[in-house]
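Protein chains: 2
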Amino acid sequence: MKAKILQKPPASPLRAEILEQPAAVARLLDAEGARAPRILRALGRKARFVMIAARGTSDNAARYAQYAFALRAGLPVALASPSIVTLYKTTVRARGSLFIGISQSGMSPDIVESLASAKRAGARTLAIVNNTNSPLARAADEVLPLHAGVERSIAATKTYTAELAAVALAAESLRIADSPRAGRGLAPELYRTPETIQKALRCEAAAETGAGILRKGGRAVVLARGVHLCTSHEISLKLKELARVLAEPYSSADFEHGPIALAGLGLPVIVLCPPGTPAAAELRALSDRLAAKGCPVFEIGTRGGVKLPRAPEWLAPLSTIVAGQWLALHAALLRGLDPDRPAGITKITETL
Amino acid sequence: MKAKILQKPPASPLRAEILEQPAAVARLLDAEGARAPRILRALGRKARFVMIAARGTSDNAARYAQYAFALRAGLPVALASPSIVTLYKTTVRARGSLFIGISQSGMSPDIVESLASAKRAGARTLAIVNNTNSPLARAADEVLPLHAGVERSIAATKTYTAELAAVALAAESLRIADSPRAGRGLAPELYRTPETIQKALRCEAAAETGAGILRKGGRAVVLARGVHLCTSHEISLKLKELARVLAEPYSSADFEHGPIALAGLGLPVIVLCPPGTPAAAELRALSDRLAAKGCPVFEIGTRGGVKLPRAPEWLAPLSTIVAGQWLALHAALLRGLDPDRPAGITKITETL
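From first to last, the protein sequence lines are chains C and A.
Here the first sequence stands for residues 1 to 352, where the numbers follow our numbering.
Here the second sequence stands for residues 353 to 704, where the numbers follow our numbering.
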C-alpha cells in the first residue's frame with residue numbers, strides 16, 4: 001500500500017485576503033483614526049452635500065456612503081455619473097460640496113477626471129485610495145489611504161471592507177466636525193469592527209452549505225433593505241465575477257414593484273437580514289413568501305442560513321459582506337470554477 | 353365550406369397606451385410648457401442640488417433626471433433613499449435643495465414621507481404625479497401633473513414617457529431660470545419630442561424580430577452609456593415584468609469591471625446605441641466583442657437591429673424607450689405570456 005502523500009493545496013490569494021480583512025481594517029483605523037477627523041473637518045465642515053464617483057466594487061462602497069453619511073452626519077449623497085464629465089464635457093455646480101473619489105488603484109481615468117472637474121467647480125475633494133501614488137490621490141485636496149496592502153486577488157475583498165471602513169471613518173469624522181455637542185470623538189464601536197469581522201469569518205461552513213442553491217442554474221437575486229443594499233450589490237458582483245451566476249441585487253421594497261413576477265420559477269434568492277436590522281420583520285415575511293412560492297431561499301442573518309455576529313446597524317455592512325464572500329467563493333468551487341482565476345476580468349479597467 | 357369569421361382581437365391596454373405616448377407627451381407640454389418655468393423659477397432658482405425620491409418605473413425617470421438636470425442646468429442630483437427616513441427616522445440636511453417626488457399614483461407612502469421630511473428640513477418641494485388628487489401632490493409645494501390620463505395597463509409605459517417629459521421640462525425650466533442669457537425660453541426641440549416618439553413607434557416589426565433572442569432562456573443584459581442608462585433600466589424592468597426575463601441593466605463602462613465574465617455563455621445582450629450618441633464607437637466595439645464571444649446581440653440604434661429616429665442626446669430617452677417597450681411586449685408573446693396580465697404584480701405597491 002502506497003503511503004498517502006498529503007499535498008498542501010496551492011495558496012489562494014482570494015482566501016488569504018478574505019482572512020486578512022480584520023487586520024486590514026485595524027491597520028486603517030490605527031493609521032487614520034486620529035488624522036481623519038482633522039482632514040474631514042477642514043474639507044467638509046460646511047459641506048451641504050457629498051458627491052461620490054466610483055466604479056465596480058468601489059461603487060458599492062459609495063452605496064454604503066449614501067447611508068453612512070446620511071445616518072451619521074445628516075448629509076445627502078449624490079453618486080456622480082462620470083459620463084457627465086467625460087462623455088458630455090459638462091461641469092456640474094459643486095460649490096458647497098465635498099467630492100469623494102473612491103478607487104483601489106486610483107487609476108480609473110474617468111474617476112480622476114470627475115474629481116478634477118468638481119475641484120475646478122469649487123468642491124473640496126478627497127481621494128479614498130489604496131495606492132497613494134496614483135493619479136486620483138494626486139488630483140485630490142486630501143487623501144484617505146486604505147492601508148490594505150497589495151491586492152493580489154483579482155476579485156476585491158479586503159480593499160472593499162477597507163473602503164467601507166474609510167467611509168465609516170469619514171462619516172463619523174463629519175458628524176463630530178459639525179456638531180458641537182458631539183465633541184467626544186469617534187464612536188468607540190467603530191474600533192470594534194475588526195473583532196466583529198473576525199467573528200463573521202467563522203461562518204464559512206454555513207455559507208458553503210448555502211452555496212448549494214447556486215450549484216445549478218445561472219441566476220439569483222440578492223435582497224436587502226436600507227444600509228444593507230450595498231452588501232446585496234457587492235455579493236451580486238462577487239457571484240458574477242467568481243461563480244458566473246447572473247445575480248441581481250434588489251431592495252426588498254423595489255422587488256415587489258415588478259421583479260417579483262419572476263419568483264416562483266425556482267429562482268434562488270439570497271435574503272440579507274443581519275441581526276438587529278429594523279427591516280427584519282419585513283424581510284422575513286418576504287423570505288417566507290418567496291419560499292412558499294418555491295424559490296430556494298438562503299438567509300444571511302440570524303434565522304437558519306448563516307448566523308452573523310451582532311453589529312450596530314450602520315457598521316454591519318463591514319462584517320455582513322464576509323458571508324457573501326464565502327458564499328461566492330464556495331459557489332464558484334461547487335460550479336467547478338477557480339475563484340482565483342475568474343474568466344474575462346482584468347485588474348484595472350480604464351474607462352475613458 | 354364554412355365562412356371564415358374574423359374575430360377582432362381583444363383590446364390590449366398595454367398596446368393602446370404604448371401607441372398613446374406621442375399624444376400623452378404633447379398634452380403635458382401643451383398644458384405645462386408655460387407654467388413649468390414659472391413654478392421651477394420660484395422653487396429652484398437658487399438650488400444648489402436636487403434630491404429625488406421615486407420607486408420602480410418612476411425611479412428610472414429619476415435616473416434620467418440625474419443626466420437631464422446636470423446637462424441642462426448644471427445641477428447635481430442625489431437619488432434619495434426613502435429608508436433613511438422611513439426605516440431609520442433620520443432627517444437629512446436639505447437646505448438649498450430642490451426635492452422632487454416622482455410617482456404615477458402619488459400614493460407610495462415612503463415617497464410621501466421622504467418629501468415631507470425634506471420639506472420640514474428646508475427643501476423646496478415638487479411632486480411629479482399623474483394623480484393630482486393624491487397624498488404626494490398634497491404634500492408638495494408645487495405639482496407638475498403628467499396629464500397622461502388613466503393608466504389601465506399594469507406595466508407603465510405612457511406614464512414613464514410623460515415622467516421623462518416632465519423631468520425634461522423641469523430641467524429646461526431650471527436652465528432658463530438660472531442663466532440670464534438663456535432668457536429665450538424653452539428649447540424648441542422639446543416640442544418636437546411627440547413627433548419623434550411617433551416615428552419611433554414604427555419600429556415594432558424590427559423589435560419583434562429582435563425579441564427572438566429572448567424566446568428561450570430567462571436571462572439578458574441591457575447595456576447603455578450616459579443619459580441612456582435610464583432606458584436600459586426601464587427596458588430591463590419591462591422585460592422582467594412582461595416577459596419574465598431576468599434582464600439586468602448595465603453601464604457599458606461597469607460591465608467590463610466584472611460582469612463581462614458572464615459573457616460567452618450565450619447570454620443575450622441588448623445594446624442601446626441611439627443615433628448620434630457620443631458613446632457610439634465604444635458601444636459598437638463592445639457589441640462586436642460580445643458577438644464574437646458568442647452572445648446573441650441585438651442593437652437598438654442605427655446599425656442592424658432597430659433603427660430609431662435621430663433626437664438630441666438629452667431628449668433621446670423619450671423615443672428610445674419605445675423600442676424597448678415593443679421588444680418586451682413581443683418577448684412576452686413569444687414566451688407564451690399575456691403582457692396585459694403579468695404575474696404577481698399589482699398596480700400600486702405601498703412600501704411603509
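Be careful, since some hints might not be right.
In silico lysine to aspartate or glutamate, EDC-like type, Cα no more than 20 Å apart, as pairs [stated by the list, open to error]:
id, chain 1, residue 1, chain 2, residue 2
1, C, Lys-89, A, Glu-665
2, A, Lys-441, C, Glu-282
3, A, Lys-551, A, Asp-690
Rough simulated footprint, nothing fancy, chain C against chain A, three-plus residues with beta-carbon under 8 Å [claimed, not checked]:
id, segment
4, 378–389
5, 443–452
It is worth saying that the hints were derived from the structure and are not from the lab.
Ideal Cβ positions, reconstructed from N, Cα and C, are used throughout, including at glycine.
Where does the structure disagree with the numbered hints, that is, which hint numbers, in rising order? 3 and 4
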